[in-house]
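Two chains, each in its own frame: build the complex with the hints.
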Amino acid sequence: MSRLDDELRNALRREDPGEDFTKRVLERAAALPPKRSWRERLLAVFGPAGNRWAAGALAASLLIGVGGIEYRRQQRMRAEGEAAKAQLMVAMRIAGSKLRLAREKVMQVGEE
Amino acid sequence: MRKLPILLLAALPLWAQEIRLPPELNRLSAKAVETVDVTLEGPLLQMAAKFLSNEKPDEAQVKALISGLKSIQVKSFEFATPGEYPESDVEAIRSQLRAPAWQRIVGVVSKREGENAEVYTKMVNDKIAGLVILAAEPRELTIVNIVGTIDLSQLSALGGRFGVPRVELPRQKKDD
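Chains as they are written, first to last, in the working numbering: chain A, 1 to 112; chain B, 1001 to 1176.
If we strip away everything but chain B, and leave its shape as in the complex, we get (with noise of 0.2 Å):
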C-alpha cells in the first residue's frame, strides 16, 4: 500500500501528457453549419471494432489501424463565412503540445489562404504513442486527437487519394 502514492506519482506525467480540448470547443456547433463531433475510448472503441468487417477493404484497414488506440476523438466545425472560431480556441490545444513529450512533425502557414495544418506527434519507445492534428482553415476547424500506437502511413492511406473527402456519415447539420 506504501507503493502506491509513488506508483500514481509515477504515472502522473504520462497521464499530464494526455491533452483535453477546451470545453469552449463545443459552443462552436452553434455557429457551424456542419458538426462532426466523435468520441471513442474504452469499451466503445473495443465493440464499435468487433462490428468491422475482415471482408470490406476499408472496415479491415480500419481495424488493423486501431488495434493499438486507447481513444479518438475529432471535432470538426464547418462555417457558412470566415473567421467564425476564435484562434484562441486552437492555441488553446496548441500550448498543451509542448516538448519534450509533444513534437511537431507538420506545421504548415499559409497566409495566403489562410489554410494552416499542424501534425504533433508523442513518442514513446520510438512508437507514435499519441497524435493530433490540427486543421484551421478560414471556413473549417478540425481537432483529431489520437491516443494510442498508430501506423501514419496507413492513416493517411484512409483519407483518399487527393484532398479532403466529402464525409457523408452522421454530421449534425443545421438548417439555418
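The following block holds chain A by itself, in its conformation from the complex (with noise of 0.2 Å):
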C-alpha cells in the first residue's frame, strides 16, 4: 500500500518546467496556420474568386435545370394520371349502364 503511495506520489510530483516554457508554448503557437472559419475553407475549394463566381452560377444554372426537368415530369405525369381516370370513370361508368340495361331487360321480359 505505501509502495503504490509512493509510486503516485513521485508520478505526480511537481516539476519545473524550465525558464524558456512560456517562450516555446509562444512561438509554437505562432508558427501554427491562422485558424479559418468553415466558409474560408469552403470558398477555398473552389480557387480564386472569379472561378468561385463561375462555379456558384454553374451550381445555380445546374439547380434550376434540374428543378425545371422534375416539374415539367411531375406536371406531365399528374396529366396522364388524370387523363386515365377520367377514361377509367367513362370505361366503368358505360360498364356499369350496360350491365343494368341487361338486367332491367331480364326483369321487363319477366314481368311480360
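Honestly, the hints are just simulated from the structure, not real lab data. Do not rely on the hints blindly, as some may be mistaken.
[Said to hold, decoys possible] Listed below are several chain A residues computed to face chain B (Cβ distance under 8 Å; list not exhaustive): (1) Arg9; (2) Ala11; (3) Arg13; (4) Arg76; (5) Glu80; (6) Glu82; (7) Ala84; (8) Gln87; (9) Leu88; (10) Met92; (11) Lys98; (12) Leu101; (13) Lys105.
Built from N, CA and C at the ideal position, the CB exists for glycine as well.
In C-alpha cells, the structure reads:
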C-alpha cells in the first residue's frame, strides 16, 4: 500500500518546466497556420474569386435545370394520371350502365 | 429450363381464354357520330387508380371495384341511322365466348325494338375472372371487356339508377 502511495507521489510530483517554457509555447503557437472559418474553407475549394463566381453560377443553373425538368415530369405524370382516371371513370360508368340495362331487360321480359 | 415449355403450355389455355376485339371494329368510328374507345391495362390502370379519390363516393367506388382488375376495354359507337354496323362484327366477338371458359349469364334479344344485350362471365375458382358485355341496339353498339375479378352488383350500381346515363367525359364527337 505504501509502495503504491510512493509511486503515485513520484508520478505526480511537481516539476519545473524550465525558464524558457512560456517562450517555447508562444513560438510554437505563432508557427501554426491561422484558423479559418468554415466559409473560408468552403470558398478555398473553388479557388480564386472568379472561379468561385463561375462555379456558383454553374451550380445554380444546374439546380434550376434539374428542378425544371423534375417539375415538368411531375406535371406530365399528373396530366397523364388525370386523363387515365377520366377514361377509367367513363369506361366503368358505361360498363355499369350496360350491365344495369341488361338486368332491366331481363326483368322486363319476366314481367311480360 | 426444361420446365419452361411445359409451364408455357400449361398457361396457354388461360391466355387463349382472353378475348380479342376484332380490328374491324375500329372502322366503325368513321361511321359513328360518337365514339368512346377506352383501353386501360397494367401500369396505366394502376396509375389511374392512384388518382382516384377516397373522398368522392363514385371514385372511391370505382377504386374498390378495380383493385382486382387486369384490364378494361370499352368500345361504344353511336350512329346517326339504324343498321350501320354489321352483325358479323358482333358475331366475331360472340364466337370467342364459348363454354366451358365462358358462360352467358344474360341474353336478351328484342326483335320488336332491335335491342340485344348479352353478358358473359368467365369463372375461375368460383370467382368472376372476366366479363364481356355486348349491347347491340339499332343505332348503338357497345362492347365491354373486363379482365380480372369484379363484383357485378357493385359495377351495376355505378351505371346510374335508370337506364343509360349520358356520359360527359371524352367522347370523340364528329362534326358531320
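**Report entry** Interface restraint verdict for Glu80(A) against chain B (beta-carbon cut-off 8 Å)
**Finding:** holds, 7 Å
**Report entry** Met92(A) as chain B interface residue, shortest Cβ-Cβ below 8 Å
**Finding:** Since the shortest Cβ distance to chain B is 5 Å, the answer is holds.
Query raised in the report: If you take the shortest Cβ to Cβ gap from Leu101(A) to chain B, is it below 8 Å?
Result: Since chain B brings a Cβ to about 6 Å from Leu101(A), closer than 8 Å, the hint holds.
Query raised in the report: Against chain B, is Leu88(A) within 8 Å by beta-carbon distance?
Result: holds, 4 Å
Query raised in the report: Does the nearest C-beta of chain B fall within a distance shorter than 8 Å of the C-beta of Arg9(A)?
Result: violated, 78 Å
**Report entry** Satisfaction of the Glu82(A) interface hint, Cβ to chain B closer than 8 Å
**Finding:** holds, 6 Å
Query - Agreement of hint Ala11(A) with chain B interface, Cβ distance less than 8 Å - result: violated, 73 Å
**Report entry** Proposed interface contact between Gln87(A) and chain B, which counts if any beta carbon pair is under 8 Å
**Finding:** Since the shortest Cβ distance to chain B is 5 Å, the answer is holds.
Report task. Have a go at the Arg76(A) hint: is there a Cβ in chain B nearer than 8 Å to its own Cβ? Result -> Interface hint status for Arg76(A): violated (12 Å vs cutoff 8 Å).
Query - Proposed interface contact between Ala84(A) and chain B, which counts if any beta carbon pair is under 8 Å - result: holds, 4 Å
Query raised in the report: Given Lys98(A) was flagged as interface, is its beta-carbon under 8 Å from a beta-carbon of chain B?
Result: holds, 5 Å
Requested in this report: Mind checking the CB of Lys105(A) against every CB in chain B and telling me if the closest is under 8 Å?
Outcome: holds, 4 Å
Going through the hint list in order, the structure does not satisfy hints 1, 2, 3 and 4.
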